[in-house]
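Residue numbers (my numbering), protein chains in the order written: chain S, 169 to 533; chain D, 169 to 533.
In short, the hints are calculated from the structure, not lab data.
Errors might be hidden in some of the hints.
Same chains, same names: a pair is fine if it fits in one copy or spans any two.
Quick list of in silico lysine-lysine cross-link-like pairs, DSSO-like style, CA-CA up to 27 Å [unchecked claim]:
(1) K299 to K338
(2) K316 to K284
(3) K339 to K277
(4) K195 to K383
(5) K216 to K277
(6) K195 to K216
(7) K339 to K316
(8) K425 to K195
(9) K385 to K284
(10) K404 to K276
(11) K383 to K277
(12) K284 to K383
(13) K216 to K428
(14) K483 to K216
(15) K339 to K290
(16) K332 to K290
(17) K383 to K483
Number of protein chains: 2
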Amino acid sequence: MPTFTHRIYNFNAGPAMLPTEVMEEAKDEFLNFRGTGMSVMEMSHRDKYFQSILDESISDLRELLNLPSRYAVVYFPGGATLQFSAIPFNYLQSGDSADFAVTGVWAKKAFEEAKKFYPNVKSIFNGIDSKYMELPTITDTSVNDGAKYVYITSNNTIYGTRYKTFPKLKKAPLIADMTSELLSRNLPIEDFSVLFAGAQKNIGPSGLTVVIYDKEKIPDVSHPIPNLMNFSLMEKNGSLYNTPPTYSIYIAGLVYKYLKRNGGISAMEEINERKAKKLYDALDASSLFYAPVPETFRSAMNVVFRSNKDSLDPKFLSMAEEQGFAGLKGYREVGGFRASIYNAMPEEGVDALISFIKEFERTHG
Amino acid sequence: MPTFTHRIYNFNAGPAMLPTEVMEEAKDEFLNFRGTGMSVMEMSHRDKYFQSILDESISDLRELLNLPSRYAVVYFPGGATLQFSAIPFNYLQSGDSADFAVTGVWAKKAFEEAKKFYPNVKSIFNGIDSKYMELPTITDTSVNDGAKYVYITSNNTIYGTRYKTFPKLKKAPLIADMTSELLSRNLPIEDFSVLFAGAQKNIGPSGLTVVIYDKEKIPDVSHPIPNLMNFSLMEKNGSLYNTPPTYSIYIAGLVYKYLKRNGGISAMEEINERKAKKLYDALDASSLFYAPVPETFRSAMNVVFRSNKDSLDPKFLSMAEEQGFAGLKGYREVGGFRASIYNAMPEEGVDALISFIKEFERTHG
Chain S
169 MPTFTHRIYN
179 FNAGPAMLPT
189 EVMEEAKDEF
199 LNFRGTGMSV
209 MEMSHRDKYF
219 QSILDESISD
229 LRELLNLPSR
239 YAVVYFPGGA
249 TLQFSAIPFN
259 YLQSGDSADF
269 AVTGVWAKKA
279 FEEAKKFYPN
289 VKSIFNGIDS
299 KYMELPTITD
309 TSVNDGAKYV
319 YITSNNTIYG
329 TRYKTFPKLK
339 KAPLIADMTS
349 ELLSRNLPIE
359 DFSVLFAGAQ
369 KNIGPSGLTV
379 VIYDKEKIPD
389 VSHPIPNLMN
399 FSLMEKNGSL
409 YNTPPTYSIY
419 IAGLVYKYLK
429 RNGGISAMEE
439 INERKAKKLY
449 DALDASSLFY
459 APVPETFRSA
469 MNVVFRSNKD
479 SLDPKFLSMA
489 EEQGFAGLKG
499 YREVGGFRAS
509 IYNAMPEEGV
519 DALISFIKEF
529 ERTHG
Chain D
169 MPTFTHRIYN
179 FNAGPAMLPT
189 EVMEEAKDEF
199 LNFRGTGMSV
209 MEMSHRDKYF
219 QSILDESISD
229 LRELLNLPSR
239 YAVVYFPGGA
249 TLQFSAIPFN
259 YLQSGDSADF
269 AVTGVWAKKA
279 FEEAKKFYPN
289 VKSIFNGIDS
299 KYMELPTITD
309 TSVNDGAKYV
319 YITSNNTIYG
329 TRYKTFPKLK
339 KAPLIADMTS
349 ELLSRNLPIE
359 DFSVLFAGAQ
369 KNIGPSGLTV
379 VIYDKEKIPD
389 VSHPIPNLMN
399 FSLMEKNGSL
409 YNTPPTYSIY
419 IAGLVYKYLK
429 RNGGISAMEE
439 INERKAKKLY
449 DALDASSLFY
459 APVPETFRSA
469 MNVVFRSNKD
479 SLDPKFLSMA
489 EEQGFAGLKG
499 YREVGGFRAS
509 IYNAMPEEGV
519 DALISFIKEF
529 ERTHG
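In isolation and in its complexed conformation, chain S is listed as follows (with noise of 0.2 Å):
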């Protein structure tokens, strides 16, 4: 196994790359942090200094969205996938009924964890016939009647699929799933009721959910919901009802500050299309590698390539390897390879990326 001194170029999907300069940050201040005698890691999460670093990262959050107030802003511990569980717990009840664009493993485990509680919800769409490479186009008269909303997956790590728009809708409330793609472009937000994130990709470390729902449009529901699961509990109770992964709260904000320190999310967005616009014309224009996935769906964060030759796969992964580029392998079912392409993975990752790809397709091609 190779072993490198310098921090190599980590194509992972999630947990990804986060910004050196974060790193270099919390590592300075990991025994000690800003003179408390203490790590973050230590703080109770009830004491002044934690809570404000909850608050702002709060506040930087919102002012990176340019949220409105009528937004609530929550942390969640346990990932996306309590948020299949609580999103119907929050937003249905008993025999109602809600559509899903099923897209991708994400979109199909978040349908199946809701009509495991909510048998009536519905899938309006199903990618399974388009091997998943294609996303569907979702106007008001795909939406059931008495859908009480509408869930999509933004972006789909897995088959590196994205929505280029997304669906305005009158009839429903839109529900996205936005763990791989939040902070990485600009977004609609009033378009959207609920939109949520696992922090591993773009945000944080993983363990760590940010939830961002509309107040005004979370029903009253009759039944018990998990008190981890019940949004306006943890709303009003600041994210603090219980210990939350203080931790990854505290990395997450760091993250903020170096978003806003180069630009916001314009500024990502910007280089982030510039990334993968890069990396899938190099892709195009090669003999041995191409991207599967038709050029309207491709998404920014994830490139999802392929080689006209399956048996240099290893050859191709073990070299990338011991040049220092992680984590290409594709998604165990969908094979080829994967590049991760997030906030945190500078330009000059992605460029020399694509010179060991020509340079692999002129000696192995």
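Dock chain D against the given chain S, drawing on the hints supplied.
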């Protein structure tokens, strides 16, 4: 606010002090874990590096607890609060009952959460009559007919009480929230059907929970369970059903190795009993301060104490803070003081606190 260039004695109840040795090790490899070129925080939970961190951590924990093979060890996100919902979902069917010993805030929350979904659960002890300063003696005769389990909180962080010996039951399985004492004392593991602990006291960062359960005693329930609460599902997936709080698992693993290097749980127990005895002895000998909990129920982890002159309390706390004794304020509903002296609090920290208490008494008593 005081500023320290060194690490202080941090008596926070949780998140709490971690061993400095562990923190230094984590800091050293914060940006580049053992030549991988990335932080543990940036690693895929599916790759070989993290898998070996996870596997080692579980086998070290098993070794520390001398765990029989029929017990599963599973990492959950979300803290003990998620288990307050998960346990009834996994262990009760509609109409079932279970018995709860309500010995403090956390036991009460667990009881109320269970009651929301299973209205037949019963309280077999209510500590409110003793202001939560006493614990019950639970035997088979205390257990209601048909109770599917008996639930206890083994150490009550807020009130500073613990079960000196644990109930030994034949009539129903015993389930224990051990958040504030797992790894601090030897346990008769086989007397428990489930024991769980939020990590933020003796194990690692907040946001992680260790659940240990007897696989032979988990019932087959017929209702749906939210995936992130489903013991068998999480176990079958080796704690990787979804993206776990990877960095917290890594720190927990370092803590286990630290414990193994330092004589394991028996050695910790000996030191912990000595630390607690010293502090209680000093309080019992004081004319200004006193420990309100009867000797037989006193916790070795959380030493609750008060002064005879309430008016001096703010002075005591501010002087303590200035001199580098953090987190001594009692829980808001209890008042007074609390020194949490988990595994990571060195004996010198307790000695220093005792000197400070004596000096304060001499000058202000």
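Each hint, compared with the structure:
| no. | hint | result |
| --- | --- | --- |
| 1 | K299 to K338 | neither (30 Å within a copy, 54 Å between copies) |
| 2 | K316 to K284 | both (17 Å within a copy, 25 Å between copies) |
| 3 | K339 to K277 | within (24 Å within a copy, 39 Å between copies) |
| 4 | K195 to K383 | neither (37 Å within a copy, 40 Å between copies) |
| 5 | K216 to K277 | between (39 Å within a copy, 25 Å between copies) |
| 6 | K195 to K216 | both (22 Å within a copy, 24 Å between copies) |
| 7 | K339 to K316 | within (9 Å within a copy, 46 Å between copies) |
| 8 | K425 to K195 | both (16 Å within a copy, 22 Å between copies) |
| 9 | K385 to K284 | both (24 Å within a copy, 25 Å between copies) |
| 10 | K404 to K276 | between (31 Å within a copy, 20 Å between copies) |
| 11 | K383 to K277 | both (26 Å within a copy, 26 Å between copies) |
| 12 | K284 to K383 | both (26 Å within a copy, 24 Å between copies) |
| 13 | K216 to K428 | within (24 Å within a copy, 35 Å between copies) |
| 14 | K483 to K216 | between (53 Å within a copy, 18 Å between copies) |
| 15 | K339 to K290 | within (15 Å within a copy, 45 Å between copies) |
| 16 | K332 to K290 | within (24 Å within a copy, 54 Å between copies) |
| 17 | K383 to K483 | neither (52 Å within a copy, 42 Å between copies) |
Violated hints, in rising order: 1, 4 and 17; the structure is consistent with all others.
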